[in-house]
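Novice: Put chains B and C on the given structure of chain A with help from the hints.
Protein chains in written order, with our numbering: chain A, 5 to 137; chain B, -3 to 111; chain C, 554 to 1049.
One or more of the hints may lead you astray.
The list that follows gives simulated cross-link-like pairs (lysine-lysine, DSSO-like), each with its CA atoms no further than 27 Å apart [as the list claims (entries may be wrong)]: (1) C:K903 with B:K107; (2) C:K903 with C:K655; (3) A:K135 with C:K903; (4) A:K135 with A:K11.
No lab work stands behind these hints, which were simulated from the structure alone.
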Amino acid sequence: MNSLILKTAGKYIAPLLFLFAIYLLLTGHNQPGGGFSGGLVASASFILLAFAYGVERTQNWIRISPIYLIALGLLLAIGSGLFSILTGQPFMTGVWITFNSLSLGTPMLFDTGVFLVVSGTTLLIILELLKEV
Amino acid sequence: MEWLFAILVGCLYSAGLYLMLQRNMFKLVLGMCLISHGANLLIFTAGGLTRNLPPIFSEVTSVTSQITDPLPQAFVLTAIVISFGVTAFLLVLVHRTHKTLNTDDIDDLIKTDLQ
Amino acid sequence: MKTLVIFPIIIPLITASFCLVSYKTPRLQWFFVGLGNISYFIVALTFLWATYHGNYYSIQIGNWEAPFGITIIIDLFSSIMLVITSILVFCSLLYALTMTPKEEFRLGYLSLTFFLVMGVSGAFTTGDLFNLYVWFEVMLMSSFVLMAFGGEQRQLEGSIKYVILNLMSSAIFLASTGILYGMVGTVNLTDLSIKLSMIEHKYPKLIVSSLLLVAFGIKAGLFPLYFWLPASYHTPPPGISALFSGLLTKVGMYSIIRTFTLFYREIDTTMQNALLIIASLTMLIGVLGAVSQNEIRRILSFHIISQIGYMLMGLALWTPAGIAGAIYFMAHNIIAKSNLFFISGIIHKKTGSYNLKSQGNLYKELPILSFCFLCSALSLAGLPPLSGFVGKLALIIAGINANAYITVLVSIVVSFLTLFSMTKIWIYTFWGTPNHKKTDTSETPQNLSFAYCSVIILALLTLGLGILGETFFTISYKSAQSLLQPLTYIEKVMGY
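One chain only, chain A, in its complex shape:
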């Protein structure tokens, strides 16, 4: 596909979409959003680029292969569950650290893992399908 409109618009929309994906990921703990929807939006931003500029250039932009994204995400998700085993609680119990008003916890880590797995899987499937078109 070679459309000037898509190329010009994609250049501006894709970064915004990616930013929105990260917003969704971060807001997911207390509000609608989360790793799954964030991951889908993130992959959508790259797929928009792939539609506008072709698969090869998009793969160059992403740099790492989606398979690594999946593997990294899985390991992050397992790791977040293993934290609680170290503290003597059952697998996947939330462990929280609080600095003043900011509290960081393993559910966040798990969500990031889901984000990576979902965006990796979606990218892998759709880029592979786009190559054949």
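Specialist: Showing chains B and C alone in chain A's frame:
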């Protein structure tokens, strides 16, 4: 409200089954999608329908009639994610089969059984 | 020990993720896989030892209390299955080392295998119906991809049928979970067991358990629902179809046994008769299908169906002896049946065909292989002193004690027919004049020693299971007793 959802679930199931009984391979995928939507709605309906209530049990809403059951929502969410993955795989599989066999008729898939 | 409960699920997951990270370097993958497999085996053995002494181990994921959160529980039945799974996976890896083309490891063969193992062991250890659905999906997704792996025409044809019918069963499973939740307000298996026993009317329970029977029956390959199995199991590479034949249908059977023993304190006579009829028909139709076939793997696929009937028969008798027979038979069947699939792969390598008519005289070429084949095949047919004999004897005695004479008669007839089709393979493939052309002279002869290793290990296991039959049967009997008296299981999960 439940009866309306029950009819909707029935419609989704019958439409899905109708599509699956066609000979076109792509319609098989669409039928599978409709059936999984039907199953999702079925869980949602069976878990009890409530309107405009939070799925959180707190001191303000300590009466059980004032909250929504969060479990069916979690089930449906999980099932949707799974059917997303399955549908993506099915599309790729059907696409690949179409390219390899040069047909989208399910009746042409019996060559392996006849050998 | 309590923290270990989650490990049969985590170990395969970690192994699979590390395999994904190193997907470009197969050597590194083999290192991770070996490590993962060995630690999985050790964990499974530890649990077998501990649960044999009457212990149950359960945890609540995320520390959410019992009827609300997800329970993971290991009892004797699940740990038997875990041990058998780890042995089978070990042999299939050994087999794949030489029999699978190198580029398939780069495409993720090993990580997919371990995702499959994760799904299987999740299904064996979970104590939650919806979670069971999730594990089924994990298992199915990886099996879908493995099935279509080669991308050849026949594999794609087979996997379309496999995928669609299994997805249908998942949809039914999901719907029945939803209906069950709407009816009693829980999906925790133990809580379901308590709440369903309080319902006095018998029809709600009958309806839900029939829905579950259909859903699991498609996966296990029960009588009117087995059509996907012989249409697809002969298409993937032999290593993969051996793994599938060993694990997937048995997970369906495991789920039937697990849910039915928890849902019914006393078996309903309608249900029991239905189960007995389905079991007899499954045995009979499966074996009759096999008799008419001429391709090794298609014969074996039909035999999977007929063997599933024996396991269902054990459950339907609803006595400790019957269920113990079913469990023993499951273990025996995983080992013997997978071994036959492995052997069919080697035969294909040697003769270039799966068809019986174009083979012959392999005994002269491969005496060890023929011995291993004979071991597994006769065990499948149920000849002493092999494992199949012990399993069938246990089931038949239990059947006579439970007055299920027709089913017993059917099972004996089916054994003879099984013996008939096993001797058919033997006569055509290992005796007679060589019919196959020596086609692959140009190819360098492959070193198949690892494949032989796995075949020999499984053949010896079949022999061992038969000779030490009493020991293994005692273990199965103990687990059957605890299955039929689920009170300890329930107490353990609900924490009274």
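Novice: What are the numbers of the hints the structure violates, in ascending order?
Specialist: 3
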